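There are 2 protein chains.
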Amino acid sequence: MPKIVDHDQRRAEICDAVLGLIARGGSRTVTTRSVAKATGWSAGTVSHYFDSRDELVLGALRRAAELHEQELGRLLADRGLAPMEKLHLAVRATLPIDERGVALTRVFLDYYADAANCAAVHAEVMRCLVRWRGLIERLVEGCKDDGSIVSSRDSATLAVELVALTDGFALHALLDRAFMDRLVENDGIRIGFLDDTWHPIESGVGRVS
Amino acid sequence: MPKIVDHDQRRAEICDAVLGLIARGGSRTVTTRSVAKATGWSAGTVSHYFDSRDELVLGALRRAAELHEQELGRLLADRGLAPMEKLHLAVRATLPIDERGVALTRVFLDYYADAANCAAVHAEVMRCLVRWRGLIERLVEGCKDDGSIVSSRDSATLAVELVALTDGFALHALLDRAFMDRLVENDGIRIGFLDDTWHPIESGVGRVS
Chain A
1 MPKIVDHDQR RAEICDAVLG LIARGGSRTV TTRSVAKATG WSAGTVSHYF DSRDELVLGA
61 LRRAAELHEQ ELGRLLADRG LAPMEKLHLA VRATLPIDER GVALTRVFLD YYADAANCAA
121 VHAEVMRCLV RWRGLIERLV EGCKDDGSIV SSRDSATLAV ELVALTDGFA LHALLDRAFM
181 DRLVENDGIR IGFLDDTWHP IESGVGRVS
Chain B
1001 MPKIVDHDQR RAEICDAVLG LIARGGSRTV TTRSVAKATG WSAGTVSHYF DSRDELVLGA
1061 LRRAAELHEQ ELGRLLADRG LAPMEKLHLA VRATLPIDER GVALTRVFLD YYADAANCAA
1121 VHAEVMRCLV RWRGLIERLV EGCKDDGSIV SSRDSATLAV ELVALTDGFA LHALLDRAFM
1181 DRLVENDGIR IGFLDDTWHP IESGVGRVS
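Going down the list, the sequences are from chains A and B.
Just so we're aligned, residue 1 is where the first sequence starts under our numbering, counting upward by one.
Just so we're aligned, residue 1001 is where the second sequence starts under our numbering, counting upward by one.
If you are wondering where the hints come from, they were derived from the structure by calculation, not from laboratory data.
Just so you know, these numbers come straight off a predicted model, no measurement behind them.
You may find that some hints are simply not true.
Claimed, not checked - Stretch-level coverage of chain B by chain A, calculated; a stretch enters the list once three of its residues show a Cβ under 8 Å from a Cβ in chain A:
#1 1041 to 1055
#2 1097 to 1111
#3 1116 to 1124
#4 1169 to 1181
From the three backbone atoms N, C-alpha and C, an ideal C-beta is built for every residue, glycine too.
Please model the complete structure; the sequences and the hints are all you need to start from.
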C-alpha cells in the first residue's frame, strides 16, 4: 500500500515545531536545520513544505493566528458559558501564561516589528488583527445582548480597545518576569466592563463588582 | 581659538538623526553612512561616537527614553495643570501622533522584539519600562492626593496597568493606519479613572464623566 501523507497535517506539525522553537528561544533559533531536528524529519522534507526560513516563520505566524482564532471560535460557540465569561477567557487565551501563549506573543511581537518595514508582513499582521478584533466584536455583541455590557459605543470600537489593552498586557508580560508571574499566578487577568470602559480586575484585590 | 566641541550635544544630535531615520523608514535604514548623511558629518565622525550600527540604535533607544522621561518630568513639575490632566498628557506623549512619537514607538517596538533574544537589550528595555512606570506612578500619586483617583489598589499596580494599556494603543496605532488616524484626529486618547479602573474616553463619544 502506498504511504499516505496528509500534507496539511504535516505542514501544521512543522509550524507547531517552529512555534515551540520561538517560544523557547525566539525566532532567531528558527532554521530549516533546527526545525528538522525538532520534528524528526530531514531538512529536505522541511524544505519541501517551506522553502526558506522566512516562509517557516510566516507559516508559524499563520498557524499561531489559526490556533488563536480556533480557540476564540470555540469560545464563541460554547453554549455553557455566559458572554462575559467568554470574553474573559478570550483575553486569557491571548496572554503568555503557557507555552502556546508565549509562542503566540513572541511570534506576533517579531512580526509587529517587521511589519513596520515590510508591506507583505504588514498585510499579514493586519489580517490577523482584523480577524482577532472581529471575533472579540462578536463576543462583545453577545455581552450587549445579555446586558453584561451597556454602552452607546459600537462593538467594533470596544473590540479595538480591548484588543489593544490585551496586547499591551501580553507584550509587557513577555518583557517583565514579575508582571508575567502575576498573570500566571492569577490565571490571567479578569476583564470586566463597567461604566462604558474595560476593567482589569485583579483577583481579590480592588474588585469593585 | 581651538574649536570647542560639545561631545554630549553631538552624541544627542546623532541620536536624534537616528530617531528621524527610524521614524521614517524603520531601524533597518540605520547605518553609519545613512546617519552621516542625515547629520551632515562624515562617517568617521559618526563612528567616533558610536562604533557600530548596534551602538547607534542602542544610543537612539536611550535618547528616546531620555526625551520621553524629560517630557514626563516636565509634566510632573508643572504647577499649572491638574494631576489628571498631567496623566492625560503623559499618555498623549507616548502615542505615535507626531514624528517624535512614531520614532519612539518604532524604536521601542524593535527593542521589545530584540529583548526576547538578547539579555543586554532586555536589561535596557526593562530599565526604560521601570522608569516610565515610576514617573506614571508619581502622577497617579498626585491624582490620589487630589482625589481624582480613588482606589484601594497601590499606585505602582495602577501605573503598570496604565503603561501596558498605553503601549498597547501605541503599538496598534503604529500597525493600523485607521486607528492611528483616529488618535491623531482626537489629539491622542483621553484617559480617565473611574470605579477603580482606567477609562479611555473618546472625545465627545460615550463620555460618562
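Verification of the supplied hints:
1. 1041 to 1055: As far as the region 1041 to 1055 of chain B goes, the hint is violated, because 0 residues have Cβ atoms under 8 Å from chain A.
2. 1097 to 1111: holds (count 3)
3. 1116 to 1124: holds (count 3)
4. 1169 to 1181: holds (count 7)
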